[in-house]
Structures are given as structure tokens and as C-alpha cells.
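Peer 1: Spelled out from the first residue to the last, the chains are:
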Amino acid sequence: MLKTFSIGGIHPADRKISADKSIEVLPLPKRVVVPVAQHIGAPAKTEVKKGDLVKAGQVIAKSGGFVSANIHSPVSGKVFKLDEVVDASGYRKPVVIIDVEDDEWEESIDRSETLKTEITISSEEIVKKVGEMGIVGMGGATFPAHVKLAPPPGKKCEVLIINGVECEPFLTSDHRVMLEKGDELIVGIRILMKALKVDRAVIGIENNKPDAIKHLSQLADKEQGIEVQPLKVQYPQGGEKQLIDAVTGRQVPSGKLPIEVGAVVHNVGTTLAVYEAVQKNKPLIERVVTVTGPGVSKPSNFLARIGTPVSQLIEAAGGLPDNTGKVIGGGPMMGKALSNLEVPVTKGSSGILVFPHEEAHRKPMENCIRCGKCVSVCPMGLEPYLLMIETEKELLDRAESDNIMDCIECGSCSFTCPATRPLLDYIRLGKGKVGQIIRNRN
Amino acid sequence: MSIVLITILTLAGLGALAAVILYLASQKFKVFEDPRIDKVEEALPAANCGGCGFPGCRAFAEALVKADDISDLNCPVGGPDVMSTVAEILGKEVSKADPMVAVVRCNGTCENRPRLNDYEGATSCAVAAALYGGETGCSYGCYGLGDCVEACDFEAMYMDEETGLPVIIEDNCVACGACVDACPKDIIELRKKGPKSRRIFVSCVNQDKGAVAKKACDVACIGCGKCAKVCPFDAITIENNLAYIDYDKCRLCRKCVPVCPTNAIHEINFPPPKPKPAKEEEPANTPASSN
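Heads up: the sequence lines are chains Z and C, in that order.
Start counting the first sequence at 1; every next residue gets the next number (the working numbering).
Start counting the second sequence at 1001; every next residue gets the next number (the working numbering).
Don't read these hints as lab results, they were simulated from the structure.
Just so you know, these numbers come straight off a predicted model, no measurement behind them.
By construction, the Cβ of each residue, glycine as well, lies at the ideal position given by its N, Cα and C atoms.
Any given hint could be a false lead.
What the hints assert, rightly or not - Residues from chain Z that keep clear of chain C, each with C-beta distances beyond 12 Å, as calculated:
{"hint": "1", "residue": "Lys21"}
{"hint": "2", "residue": "Arg190"}
{"hint": "3", "residue": "Glu260"}
{"hint": "4", "residue": "Pro422"}
To be verified - Within a straight-line C-alpha distance of at most 25 Å, the following computed BS3-like cross-link-like pairs (lysine-lysine) qualify:
{"hint": "5", "chain 1": "Z", "residue 1": "Lys45", "chain 2": "C", "residue 2": "Lys1209"}
{"hint": "6", "chain 1": "Z", "residue 1": "Lys93", "chain 2": "C", "residue 2": "Lys1185"}
{"hint": "7", "chain 1": "C", "residue 1": "Lys1192", "chain 2": "C", "residue 2": "Lys1209"}
{"hint": "8", "chain 1": "Z", "residue 1": "Lys298", "chain 2": "Z", "residue 2": "Lys16"}
{"hint": "9", "chain 1": "Z", "residue 1": "Lys373", "chain 2": "Z", "residue 2": "Lys393"}
{"hint": "10", "chain 1": "C", "residue 1": "Lys1030", "chain 2": "Z", "residue 2": "Lys81"}
{"hint": "11", "chain 1": "C", "residue 1": "Lys1039", "chain 2": "C", "residue 2": "Lys1096"}
{"hint": "12", "chain 1": "Z", "residue 1": "Lys363", "chain 2": "Z", "residue 2": "Lys393"}
{"hint": "13", "chain 1": "C", "residue 1": "Lys1215", "chain 2": "Z", "residue 2": "Lys93"}
{"hint": "14", "chain 1": "Z", "residue 1": "Lys433", "chain 2": "C", "residue 2": "Lys1185"}
{"hint": "15", "chain 1": "Z", "residue 1": "Lys81", "chain 2": "C", "residue 2": "Lys1215"}
{"hint": "16", "chain 1": "Z", "residue 1": "Lys222", "chain 2": "Z", "residue 2": "Lys194"}
{"hint": "17", "chain 1": "C", "residue 1": "Lys1196", "chain 2": "Z", "residue 2": "Lys93"}
{"hint": "18", "chain 1": "Z", "residue 1": "Lys326", "chain 2": "Z", "residue 2": "Lys16"}
{"hint": "19", "chain 1": "Z", "residue 1": "Lys50", "chain 2": "C", "residue 2": "Lys1209"}
{"hint": "20", "chain 1": "Z", "residue 1": "Lys280", "chain 2": "Z", "residue 2": "Lys129"}
{"hint": "21", "chain 1": "C", "residue 1": "Lys1249", "chain 2": "C", "residue 2": "Lys1226"}
{"hint": "22", "chain 1": "C", "residue 1": "Lys1185", "chain 2": "Z", "residue 2": "Lys393"}
{"hint": "23", "chain 1": "Z", "residue 1": "Lys280", "chain 2": "Z", "residue 2": "Lys197"}
{"hint": "24", "chain 1": "Z", "residue 1": "Lys45", "chain 2": "Z", "residue 2": "Lys3"}
{"hint": "25", "chain 1": "Z", "residue 1": "Lys155", "chain 2": "Z", "residue 2": "Lys194"}
{"hint": "26", "chain 1": "C", "residue 1": "Lys1214", "chain 2": "Z", "residue 2": "Lys81"}
{"hint": "27", "chain 1": "C", "residue 1": "Lys1214", "chain 2": "Z", "residue 2": "Lys93"}
{"hint": "28", "chain 1": "Z", "residue 1": "Lys16", "chain 2": "Z", "residue 2": "Lys3"}
{"hint": "29", "chain 1": "C", "residue 1": "Lys1066", "chain 2": "C", "residue 2": "Lys1030"}
{"hint": "30", "chain 1": "C", "residue 1": "Lys1066", "chain 2": "C", "residue 2": "Lys1039"}
{"hint": "31", "chain 1": "C", "residue 1": "Lys1209", "chain 2": "Z", "residue 2": "Lys49"}
{"hint": "32", "chain 1": "Z", "residue 1": "Lys326", "chain 2": "C", "residue 2": "Lys1215"}
{"hint": "33", "chain 1": "Z", "residue 1": "Lys256", "chain 2": "Z", "residue 2": "Lys156"}
{"hint": "34", "chain 1": "C", "residue 1": "Lys1229", "chain 2": "C", "residue 2": "Lys1192"}
{"hint": "35", "chain 1": "Z", "residue 1": "Lys93", "chain 2": "Z", "residue 2": "Lys62"}
{"hint": "36", "chain 1": "Z", "residue 1": "Lys363", "chain 2": "Z", "residue 2": "Lys326"}
{"hint": "37", "chain 1": "Z", "residue 1": "Lys49", "chain 2": "Z", "residue 2": "Lys3"}
{"hint": "38", "chain 1": "C", "residue 1": "Lys1185", "chain 2": "Z", "residue 2": "Lys336"}
{"hint": "39", "chain 1": "Z", "residue 1": "Lys78", "chain 2": "C", "residue 2": "Lys1209"}
{"hint": "40", "chain 1": "Z", "residue 1": "Lys222", "chain 2": "Z", "residue 2": "Lys3"}
So that you can see chain Z by itself, here it is in the shape it has in the complex:
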């Protein structure tokens, strides 16, 4: 019996059609658009001005606080302008636009493919380096990684969990990284273990990726303290709290961080970025993005520079099919529909999904029949139907006491609702309002 998390969960069809496509390097775009806020926390402060010449890897925006991250130029070229551009949400956000010229990197970056296994720097230096190199959680949440490597005083990390679950249907970028960059990952895990001063690391992988489990198990066997934990396929196992539950059997209390139960979770993409930052001096300027969908002629996994327009990735994957109804940034469960295709790839872009008309539409909402399905699938043990009504009727005090802030926005409730109610839409709204009230109170 394989392990999994204990509450709720659903089983959407996994449809990993790009799983056997190896990572391809995407050609450089002509122009990149680099948002200065690509992470949770304070936006970075722009350090370049119009006309400046930049090299790939150069800092173009400095971290705006402890919970923030540096932004580096993903290409070499000339700063075309600093502007505000519509992002995936349809709002205008500050960006740096760079016209690409050649491909010149900072000299300090080691671009060779050789594997560097020896870790020469100390724990503190690793945390500092990860911060400098602008590394954020690459599973989608984009939480600055160095913050998670520095547990608050008095808290001790007992186990490092590497998130190779990739529970979202369609997405395969983490899967490909595990298959193709296994050696680098193992070194990355050792770096993270050293930074956190732990002697045990567990790589959690869902059972629908047997090749990745096999490959990493072979590599992990040679290392002290690293093990691979195959997990039963269940969405949303890639959620931090769900993964901790699945691997260790411990549940993170409401409103608390994973460190409370002695765990720190990092995604495989982040781990690879940490390896490159520490061993190769390379900042986070490119990432693996899955471009896929039922109608896409050439589903692929691309290694794309940050700031590349989404349209270029779709073009490289065979272009937009005629009957396209929706393009989603991220996975089909938690991703967001894109309102325009010129938005750039950011540090948190794990995938671009193209759906035909037939699959793109939501059914009209009907009345709640109180069947309780949403309650039984909620991985956080909440009552989504109730939270939706409370938000709708502005009963925000009750929503707060019903733990609306614990919602991880996985969408399991909306997915399972037989009356196709927009449960998550309302809960997200309620979370925003309750969060505002809590912030004002403090």
C-alpha cells in the first residue's frame, strides 16, 4: 500500500502527453519582458535604466526586502525601456524590456555541463548565495527559497522533502528534470541538506512516473540519507502540507508553517536551480516549461529564458490550433487562463496549456444540493460550500472562524461539484477579504 495524504483528494485524468519529450533549448527571443515582481513578497527595485547594456546574469532589480528576490537579466542586450505591461492577470505591472543582442553571460557563471559534486561553501554562505541568485519556489508559488532555508530561531528542521510529485495533470517539466538532471538534483539536495543541517532527505514522487522513481532511486542509493518515496497518485499531493502528510504522516497545524512539524519542502525545479546557483554561480534566468494540450501538434518541454513571450513557446510547439478556446498558464487545476499571449514566462511558469473549445467552457452554476462532495474531497478538511455562501453573504467573521485562510486554492471542490458551482472563485474572494481584515487588525 503506497503512502498518500490522509484527507480528501481527487483523481483527475493525468494526461501527461509530453512526458516522453526531452527538454529542448528554446531559441532566444528578439525581446524579453522581465517583470520585477515574480515572487511572493516585496517587489524588487529596478537598477537599470533605458539604454543600459546588460549581460545575461546581471542583476537588473534588487531584492526589496527579506521576503523578496533579486531579478537578473535573462539575456544580453540593451534595455529598451522600463514600462508597465499587462501581465497574465490583465493588470499592468512594472517590467524591464530588453532587446536581445548576442548571448553574452557574466564571466562568473560557469556554463559548462560538467557535474561539480564537491560543496565548498558553508551553510550560511549557501543561504546567502541562494538569496543573491534570485531563487524562488518553482512549483508555482514563487516563495523566495532562501527564506525557507533559514528556519526561525528555536525551530529545527528534521527532514528535507523534495517535491517531485507534479500532481497537476498535463505538466511534465519536473518529470523531465528528474530524468535528465538526476545527478545535478542529487548534488542540489546535498546542498539544501547542508544549508538546513539535516541528515535526511526524502524525494516524493507519484507512482505514475516509474522511470523517474527508478532513476532517482539508483542515484540516491549511492548517497547517505537520501531516499525516494513513491506515492499513490492523488491530487493535490504536490501541495506542501499534503506532501508532508504523505511522506511523514505529520499534519501541519492550521495557520502554521511546515517547519512547525520539522519539515522543509523544496520543488525539484528549485533544487536544480540551487545546484546551478551554488556550484555554477548561475542565477535563476531560465526554466523548464511544458507546452502541451489536447490539440497541440508538438507537445514539448522547453528550457526557456525568463521573459520569453508565451506566444513564442506556443509557436515552437507547433502553433495555436484553430479551435483554441483557452490558454492556461500553469496546470489545469490551479493555473490561470491567460487573457493575452504576449505575457512573459516568469520564474513560476511551469506550463502553458492550450485547450480546444469543447474543453474550455464551464457549465452554468446550479443550486447547491448539499451532497457534501466538496467537503469529502477538500484536502484541508474545510467545508467549501459553506465558505462560498459565507463569502457571498459577507459573513466574513464566520468564514474566518471556519478557517477560510487555510484554503490552498487547489480547486478540488470546484472540480468535483455536481452543480458546477464556482466554489473556489468565491472562496478566493473571501480569502482576500478576510486576509485584509486580519492585516488591518494587526
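Place chain C on chain Z using the hints.
Peer 2: Just chain C now, with coordinates in the frame of chain Z:
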């Protein structure tokens, strides 16, 4: 027979005893309440809309009775009539507040503002706003999902099917401000109703730069400043690429209306322009608005 008698007498005795206790208790624990509160409450329209800033008419009545100076307090629903009745009851002075009305500061109809994507989520502006910027290139404009109409208790609003924008029925609007609170985009504003219900306002809240705003919507304010230049009363300010007309300073001369290159400035309830091109004759029908 005697059982019946005893029962009746016992019950009557108990009743009398209880009455005495209740009477004494009510004397002992009596809370004095100003009888004027009830009178004032009766005079108020009992809409309980919250437009006065108090939770319901009763609370407003209490505040009116308590306050020494009630010139700051106003019932937007009842208007001057109700307020003068209240002043009579209380023997206090009441200021004549200018009647207000809600205006929708967006003219992004389907024609003016091309759609770039389709929204299929919950029919609620608040939900849509929590998700993204909207179906068009303008992330400031109306979502057209009708949260304001839902919030209106006075049947003073409806959604125009053709334009996709809310319309305010002036005669029903009491300026309670419920729609202003309901709009996540702050498009609706309470403005002075103006003499003969005539008023001028900028029907746009887009703060993007001119070219971007114009591309998203044909009738967007592009912040060019022509209106501010032509205004003789300094009533127009340009901030964040957006013009705003201060209704207290505006004397309704209408000079700003024709100079706007995108027709973003709207005039309401003015007589149609005379056939001959008019230059200086507008002030004739615009008495200085009562301040």
C-alpha cells in the same frame, strides 16, 4: 365545585402577584428613552439603507437626538423635506445639503471597448476582480456583471443589455452609496445632482497612459489636459493620466465638453445645443450652483 373555585382563586392570586412584581421591576429598572427618538424615527423613511452612515434609521434617529449640531447629518433618502421635519421636531438647525446622485464613470460599451477574452466565471464583479482585469484591454473599466444593481435597494439601477453597463434611474436614486461600495473598480461616484439635475463629469476612470487607454477604449480619458486648460474655474485636475471634475467648483459652463478629444466628458440633462454654433451663451442657463 370547590376545586374549581380554588383553582380560579389560586391562578388569579398568582397573576396579581406577578403583576405587582413586574410593575415594581419595571419602575425600578426603567430606562429613560428620549421620546423624540421615536418621533424622529417615524419621520425618517425607514429604508434602513445606511446611506447616512449609521446602521439603520433607528441609529440615525438616536444620533440626531444626541447631537448638538445636526448640520453634518443628512438622510439622503428623505432629502431636505425629511430633514426639515426632523429639525422641527428637535428644534435644531439643519443645513440644506445638496441632493446627490450616483453616476457611472465608465462608458466602455461593447462598441467603444472591444472585447479581448470571454469571462465564464461566477456572475459577480467582486469575484471577477479577485481573478483578473476584465474582458477588455482596460483594467479599470466596468465588468458589467451587476454587483451594483444587486446592491441597490431602491430599484434605481438596471443593466443595459445593449451596452453592458449599469444605468442609474435618476428619479429613484437616493444616493445611499450602496452601489459605490459594491463596485470593486470604484467606477460609481456620488456627485452633486446639480441645478435642474444638470451635471458634468468625466465618464472614465482609466489611469493608463493616453495611448494605452485609447487603444483599449475609444472613449477613454487620455489625460491630455485640454479640459483643465479651458476650465475658467480651476475645477478640473489631472492626476495619473485622468481628469477629474470637482463638482463643488464646477459652474456648469460646459466649455470642457467640446474640447475633449475622446468625448469622455458627459453632460447630463442640458437642453440640446442650439442649431447656431454657440460661443458664450451657455452661462445664460447656468445659475451658479448653490454651495
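Peer 1: Regarding the pair Lys1192(C) and Lys1209(C), is the alpha-carbon distance no greater than 25 Å?
Peer 2: Given pair Lys1192(C), Lys1209(C) is violated - Cα atoms ~28 Å apart, limit 25 Å.
Peer 1: Does the alpha-carbon distance linking Lys363(Z) and Lys326(Z) stay inside the 25 Å limit?
Peer 2: 15 Å, holds
Peer 1: Holds or violated: Lys1196(C) with Lys93(Z), Cα cutoff 25 Å?
Peer 2: With Cα atoms ~43 Å apart, Lys1196(C) and Lys93(Z) exceed 25 Å; violated.
Peer 1: Would the hint linking Lys256(Z) and Lys156(Z) be met if the CA-CA limit is 25 Å?
Peer 2: At roughly 14 Å apart (the allowed maximum being 25 Å), Lys156(Z) and Lys256(Z) satisfy the hint.
Peer 1: Check whether the Cα positions of Lys93(Z) and Lys1185(C) lie no farther apart than 25 Å.
Peer 2: Roughly 17 Å between the alpha carbons, so the hint for Lys93(Z) and Lys1185(C) holds.
Peer 1: Given the proposed pairing of Lys280(Z) with Lys129(Z), does the C-alpha separation stay at or below 25 Å?
Peer 2: Roughly 11 Å between the alpha carbons, so the hint for Lys280(Z) and Lys129(Z) holds.
Peer 1: Does Lys16(Z) sit within 25 Å of Lys298(Z), going by the straight-line distance between their CA atoms?
Peer 2: 13 Å, holds
Peer 1: Take a quick look at whether Lys1209(C) and Lys49(Z) sit within 25 Å of each other, Cα to Cα.
Peer 2: Holds, at about 20 Å.
Peer 1: According to the definition I'm using, a residue is off the interface if its beta carbon is farther than 12 Å from all beta carbons of the partner; does Pro422(Z) meet that for chain C?
Peer 2: Incorrect as stated: the minimum Cβ-Cβ distance to chain C is 4 Å, not above 12 Å.
Peer 1: Mind checking the alpha carbons of Lys155(Z) and Lys194(Z) for me, to see if they're no more than 25 Å apart?
Peer 2: Between Lys155(Z) and Lys194(Z) the Cα gap is close to 16 Å, so the pair holds against 25 Å.
Peer 1: Straight-line Cα separation of Lys1185(C) and Lys336(Z) no greater than 25 Å?
Peer 2: 21 Å, holds
Peer 1: Between the alpha carbons of Lys1215(C) and Lys93(Z), is the straight-line distance 25 Å or under?
Peer 2: Measuring from Cα to Cα gives roughly 18 Å; hence the hint holds.
Of the numbered hints given earlier, the model fails hints 4, 7, 10, 17, 24 and 37; all others are met.
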